[in-house]
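These are the residues of each chain, in order.
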Amino acid sequence: GNSVTQMEGPVTLSEEAFLTINCTYTATGYPSLFWYVQYPGEGLQLLLKATKADDKGSNKGFEATYRKETTSFHLEKGSVQVSDSAVYFCALMEADSWGKLQFGAGTQVVVTP
Amino acid sequence: NAGVTQTPKFRVLKTGQSMTLLCAQDMNHEYMYWYRQDPGMGLRLIHYSVGEGTTAKGEVPDGYNVSRLKKQNFLLGLESAAPSQTSVYFCASSFGTLQLTDTQYFGPGTRLTVL
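For the protein sequence lines, the chains are A and B, in the order given. Quick note: the first sequence uses my numbering, first residue 1, plus one each step. Quick note: the second sequence uses my numbering, first residue 1001, plus one each step.
FYI, nobody ran anything at the bench for these hints, they're computed from the structure. By construction, the Cβ of each residue, glycine as well, lies at the ideal position given by its N, Cα and C atoms. Some hints could be false.
What the hints assert, rightly or not - Simulated pairs of lysine to aspartate or glutamate, EDC-like, Cα-Cα distance not exceeding 16 angstroms:
id	chain 1	residue 1	chain 2	residue 2
1	A	LYS100	B	GLU1030
2	A	LYS52	A	GLU42
3	A	LYS100	B	GLU1059
4	B	LYS1009	A	GLU63
As the list claims (entries may be wrong) - Covered stretches of chain A, as calculated for chain B (at least 3 residues, CB under 8 angstroms):
id	stretch
5	42-54
6	59-66
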């Protein structure tokens, strides 16, 4: 079956540091890939997405590139802020799946001033 | 435009009690989903609906029932709550285009504790 694996957290870093969160997946088909973010006490919201190989999703300074050859979708940001403290979820959606998402376990990111 | 709303926000139940969680969306979305979030396990799909009057099982459906009598509402029921159902429950909805770009919009969650 499908699965999504994320690096374990928490990831603690200082403001303006570089952030990378690793995400790899296994899928039977050719899925779309997503990053969702959950701020404290809130629901999840879409951060970025990519639907085919070599696509780069970007939003709010975050980027992730769909790498089919390594089945990866790593999230990066060049200079984090305290407001980026949140839990980040990698997810995939297969075709013909009624839009169902398969999530990774989530990675907590803590940014200190 | 409220988006996706969930009622209640918090609830404490005793083992064996029943309750219903309500999810409402005002975006005219076709698809709706119920997930549970547990530490270290991400979100797991409980049940989903691809239109008014339809429901289907997700990854972890046991102990839950759902109904979608109106397009805008999706109800999740626990008939006899168990401590293993202590979790945070999220509802989500999407347009249901069957395109791989379809985005799910999430509610704020319901924190349920079963004693």
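Which of the numbered hints are not met once you compare them with the structure shown?
Hints 2, 4, 6 are the ones this structure does not satisfy, whereas the remaining hints hold.
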